[in-house]
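S.K.: Spelled out from the first residue to the last, the chains are:
Number of protein chains: 2
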Amino acid sequence: MKNTFALCSYLLLLVTLLGLVFSNCKANQVDNLDELINSRSSENPPKTLSWTKEDAYIPKYYYTSSIDPSPSQEEQKLADKITALPGQPYYGSNFDQYAGYVTVDPNAGRDLFYYFVESPANFSQYNPLVLWLNGGPGCSSLGFGAFEELGPFRVNPDGQTLYRNQFSWNEVANVLFLESPAGVGFSYAQNDSQTFFHTSGDKAAAKDAYVFLVNWLDRFPEYKDREIYITGESYAGHYVPQLAYTIVVNNLFRQIANQSAINLQGIAIGNPWVDDFTGVKGLFDYLWTHALNSDQTHELIERYCDFKSQSVSSICINATRNAFAEKGPIDSYNIYAPLCHDTSLKSSQTGSVYNYDPCSNVYVQAYLNRPEVQQALHAKPTQWSHCSLFQWKDSPVTVLPLIKKLIDHNINVWIYSGDVDSRVSVTATRYALNVLKLPIVTPWYPWYSENEIGGYAVQYKGLAFATVRGAGHMVPSWQPERAFNLILAFLSGYPSPPSSPK
Amino acid sequence: MKNTFALCSYLLLLVTLLGLVFSNCKANQVDNLDELINSRSSENPPKTLSWTKEDAYIPKYYYTSSIDPSPSQEEQKLADKITALPGQPYYGSNFDQYAGYVTVDPNAGRDLFYYFVESPANFSQYNPLVLWLNGGPGCSSLGFGAFEELGPFRVNPDGQTLYRNQFSWNEVANVLFLESPAGVGFSYAQNDSQTFFHTSGDKAAAKDAYVFLVNWLDRFPEYKDREIYITGESYAGHYVPQLAYTIVVNNLFRQIANQSAINLQGIAIGNPWVDDFTGVKGLFDYLWTHALNSDQTHELIERYCDFKSQSVSSICINATRNAFAEKGPIDSYNIYAPLCHDTSLKSSQTGSVYNYDPCSNVYVQAYLNRPEVQQALHAKPTQWSHCSLFQWKDSPVTVLPLIKKLIDHNINVWIYSGDVDSRVSVTATRYALNVLKLPIVTPWYPWYSENEIGGYAVQYKGLAFATVRGAGHMVPSWQPERAFNLILAFLSGYPSPPSSPK
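Chains as they are written, first to last, in the working numbering: chain A, 1 to 502; chain B, 1 to 502.
The hints are simulated quantities; they were obtained by calculation from the structure and are not laboratory data.
Check each hint, because a few of them may be wrong.
In the EDC-like style, the derived pairs of lysine to aspartate or glutamate whose C-alpha atoms are separated by at most 20 angstroms in a straight line are [as the list claims (entries may be wrong)]: (1) B/K437 / A/E299; (2) A/K461 / B/E171; (3) B/K502 / A/E299; (4) B/K81 / B/E171; (5) B/K203 / B/E372; (6) A/K437 / B/D394; (7) B/K437 / A/D342.
Computed Cβ-Cβ distance ranges for the label pairs, DEER-style [claimed, not checked]: (8) A/N451 / B/K81: 23 to 33 angstroms; (9) A/Q296 / B/E372: 54 to 64 angstroms; (10) B/N318 / A/N369: 55 to 65 angstroms; (11) A/N451 / B/K502: 46 to 56 angstroms; (12) B/Q259 / A/N318: 49 to 59 angstroms; (13) A/Q391 / B/D306: 26 to 36 angstroms; (14) A/Q296 / B/Y126: 33 to 43 angstroms; (15) B/P106 / A/S499: 39 to 49 angstroms; (16) A/D394 / B/P443: 38 to 48 angstroms; (17) A/T350 / B/N434: 33 to 43 angstroms; (18) A/Q259 / B/H341: 50 to 60 angstroms; (19) A/V441 / B/N318: 51 to 61 angstroms.
Beta carbons are placed, not taken as given, at the ideal position from N, Cα and C, and that holds for glycine.
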């Protein structure tokens with residue numbers, strides 16, 4: 001018996017389950033991803049757009065918000081400079097921080113919020129610019145990337161003081177965190193608060209991010225010729241290649257117009273959602289092989305689920321429901337991690353980057369909602385949350401062809417994968433890479449972070465793949481040192497991660 | 001092209017590799033297992049014996065070492081009592097400890113060493129007797145089980161003081177650690193130090209362990225009617241069912257002779273080696289699905305390795321070698337754990353049961369070789385080590401039929417599996433259980449340890465299977481609380497582990 005549910009109605013139950021389990025916690029990146037994938041089976045599924053040169057081209061008039069800006073970009077940069085973040089530790093802050101808004105559409109009043117962390121003073125001029133994007137779609141790069149993953153500070157359990165991340169990426173790069181698209185975190189659409197719902201989708205997100213970047217470079221002109229790398233995780237597996245391709249295409253037009261190109265060197269995406277079919281198949285295979293599912297349930301899925309088909313049998317739907325029920329309430333983003341059982345703030349406890357706290361979301365949300373923190377960040381008073389719910393309008397079922405195009409344009413592509421994440425699993429990513437059929441330059445080998453194996457790597461022609469051993473969905477949260485050494489190798493221009501101990 | 005190597009020559013390289021990697025560390029349980037399995041391809045492979053009633057029967061005259069014993073068993077028990085272990089913490093030692101030798105063959109002078117830890121005084125008379133056996137074949141239950149896993153004390157990094165294990169199994173049982181067979185740890189053969197090499201094998205080990213138990217019960221007569229459970233891990237997947245069956249068979253003869261039976265209730269075996277075929281297949285499948293091996297290598301193994309066959313193609317041999325080479329130097333017993341990089345003893349550091357120290361072997365070896373410790377344990381001065389090398393004379397390729405027999409004799413069988421051990425993997429154990437084709441009573445469900453999922457369980461008819469989430473090969477080392485709650489449910493007579501949080 002066949003039902004007419006589309007591809008991923010398997011995941012319908014998932015959101016409900018997570019709603020129950022993490023009822024005290026905020027939405028996570030993949031919860032929003034599930035919403036999106038589920039919506040493929042709705043009456044108004046997102047369009048699956050190809051990414052042609054024409055799609056990516058952005059007319060110059062579109063991003064001239066800097067024409068007659070008042071105040072000037074120079075003044076605006078000065079205004080964006082952060083004196084100090086509330087609760088910031090006295091030691092270990094020998095670098096400059098900026099935060100504020102960049103207008104991407106003056107008519108709709110769409111302003112995107114950024115938080116920029118430079119390298120320590122003597123190195124900022126030599127280090128590259130790294131843009132970081134979190135996924136969702138609809139989740140905050142400030143809440144996740146900056147304050148729980150790769151930024152210089154994390155939030156203590158009191159929700160009001162910060163501690164240092166010794167493995168902050170700003171040690172080797174000037175890191176720009178962007179809340180994208182409008183409607184996420186502190187980013188907004190002024191004139192019509194609903195605007196972003198009508199314009200939200202992969203293409204609009206890439207367009208706004210591109211316009212943001214051009215205008216941001218007007219405000220920070222010393223970075224205009226700098227090497228730029230775009231990084232991100234989860235649904236940023238869509239965002240990053242799409243923004244990169246937008247840059248590549250517009251660089252061609254800029255060359256024609258005799259303008260300087262954006263110096264894009266490479267992209268690095270972690271536990272990225274890049275392909276629906278391998279993503280869903282890899283999810284269920286991972287659950288079984290990691291002893292979270294029964295043989296019986298997996299056998300039914302193997303036999304009755306054709307994830308490429310648009311029609312799904314009821315046996316398959318039941319089996320996939322069982323798959324989620326059987327694993328029970330674990331942290332799907334790190335299957336061996338503890339859950340957050342106590343969501344209250346705690347006084348007189350100091351966090352450590354070596355021991356990821358499963359309640360971090362709670363502390364970060366409290367911190368970013370403090371008026372003095374929003375003021376220090378130059379953010380408009382906002383009820384800030386990690387993720388917003390979106391009606392996503394366009395989203396191709398795969399970005400693998402786009403990744404191939406980037407390789408053809410000599411953009412260095414790294415894909416890494418924390419190997420204890422069940423949601424966008426290393427299994428799924430391996431399946432996706434096999435679809436690309438890239439020639440192997442250096443076959444599977446262990447790579448090293450200090451004196452331990454950091455994970456495994458394969459160097460394909462134009463693309464490096466690396467696992468990160470013992471890391472969950474948010475790789476820098478659970479394995480900060482390994483993530484740091486990986487990104488250091490990437491930014492240093494190595495073709496793949498180091499194959500011997502330090 | 002086919003070579004005439006037997007079943008497990010795949011593993012030949014493994015021992016060499018481990019020798020290199022862990023050159024500073026002592027042999028582990030599975031290294032000895034590899035030796036054994038490799039020896040199946042030698043000119044003198046161990047015989048694969050069936051276990052019939054006749055094999056298991058031990059004539060009474062065989063175990064009458066207690067006839068005319070001098071000193072009496074009562075005096076011997078008194079002599080075996082441990083005043084205090086050197087470096088033992090003052091608090092948390094409200095229980096009695098004994099250690100010493102029990103003769104199993106007076107002619108050969110074969111004496112087996114035991115360490116016995118009673119429950120705290122008010123409970124020892126109510127709690128059952130639990131015998132613990134480590135694997136190898138040839139590894140010490142004192143070094144592993146008692147001082148690194150489930151015993152009341154662990155050794156600090158100074159190699160001379162102890163700290164408490166809050167999750168010691170003696171809280172709920174009187175625990176008897178046996179160094180078996182003769183030649184392991186403090187156990188020896190007096191008259192002919194080589195005796196154990198000529199008699200070592202599964203059948204001899206079971207016979208000696210049985211005679212030990214009968215004689216030990218003469219020394220501790222208050223336990224003669226007590227409920228007894230036999231537990232162990234790794235190659236004890238052979239030892240435990242074989243000893244249990246020996247007891248079952250001899251109980252029948254004792255009934256005929258109107259003697260009281262040994263009150264055996266159940267067995268629990270962790271990450272047990274029970275079946276060569278599924279064990280080797282499960283090892284390689286685990287390596288691939290946990291992103292430790294390349295797709296290419298796994299595909300070759302899938303296509304060219306028939307682990308049931310006695311002849312192996314050279315393609316298969318190369319592929320299995322690649323499988324071990326590709327994963328590189330990680331701790332195969334816990335694929336996410338750090339390695340021991342500094343094998344020196346450290347002063348002024350206190351260990352914690354919550355944070356397993358990868359250098360524990362070093363501390364334990366130092367401790368058990370201290371003359372005052374050997375004296376306190378009533379052990380003969382010995383150059384003690386975790387594992388001894390054996391020429392193993394008999395070992396069936398599977399004990400699954402024996403496990404079936406035990407179920408038929410109403411012995412409660414629990415099999416548990418730490419899910420991050422690659423050597424005797426949860427995958428291998430699931431494959432082995434599928435061979436048994438037992439009816440499922442309660443299908444796959446998450447079981448709870450406190451408020452977290454401790455792992456997953458299936459209740460078969462007569463057998464419970466439980467995974468232990470985030471535990472390596474030595475389950476109580478890496479997940480002491482989960483192991484404790486699991487064994488508590490087992491000893492409390494539950495048919496399978498608890499299905500809801502505490």
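S.K.: Hint by hint, say whether it matches the structure.
M.R.: Verification of the supplied hints:
With a C-alpha separation of about 16 angstroms, the suggested pair B/K437 and A/E299 falls inside the 20 angstroms cut-off, and the hint holds. Proposed proximity of A/K461 and B/E171 is contradicted: the alpha carbons are some 58 angstroms apart, above 20 angstroms. Using a Cα cut-off of 20 angstroms, the hinted pair B/K502 and A/E299 is violated, with the two alpha carbons roughly 32 angstroms apart. With a C-alpha separation of about 19 angstroms, the suggested pair B/K81 and B/E171 falls inside the 20 angstroms cut-off, and the hint holds.
Restraint check for B/K203 and B/E372: not satisfied, since their Cα atoms lie roughly 35 angstroms apart, outside the 20 angstroms limit. Restraint check: the Cα-Cα separation between A/K437 and B/D394 comes to about 49 angstroms, which exceeds 20 angstroms; the hinted pair is violated. A distance of roughly 43 angstroms separates the Cα atoms of B/K437 and A/D342; the hinted pair therefore is violated under the 20 angstroms criterion. With their beta carbons about 45 angstroms apart, A/N451 and B/K81 fall outside the hinted range of 23 to 33 angstroms.
In this structure the hint that A/Q296 and B/E372 lie 54 to 64 angstroms apart at CB holds, the actual value being about 56 angstroms. Take B/N318 and A/N369: their Cβ atoms lie about 59 angstroms apart, and the range 55 to 65 angstroms holds. Taken as a hint, the range 46 to 56 angstroms is violated for the pair A/N451 and B/K502, whose Cβ atoms sit roughly 39 angstroms apart. For the pair B/Q259 and A/N318, the beta carbons lie near 56 angstroms from each other, so the given range of 49 to 59 angstroms is met.
Evaluation of the 26 to 36 angstroms hint for A/Q391 and B/D306 yields a failure: the beta carbon distance comes to about 54 angstroms. Checked against the hint of 33 to 43 angstroms, the pair A/Q296 and B/Y126 passes, with Cβ atoms roughly 40 angstroms apart. The hint said 39 to 49 angstroms for the Cβ distance between B/P106 and A/S499, and at roughly 59 angstroms that hint is violated. Our hint of 38 to 48 angstroms for A/D394 and B/P443 holds, since their Cβ atoms are close to 41 angstroms apart.
At about 49 angstroms, the beta-carbon gap between A/T350 and B/N434 misses the expected band of 33 to 43 angstroms. Separated by about 53 angstroms at the C-beta atoms, A/Q259 and B/H341 satisfy the suggested range of 50 to 60 angstroms. About 21 angstroms separates the C-beta atoms of A/V441 and B/N318, a value inconsistent with the hinted range of 51 to 61 angstroms.
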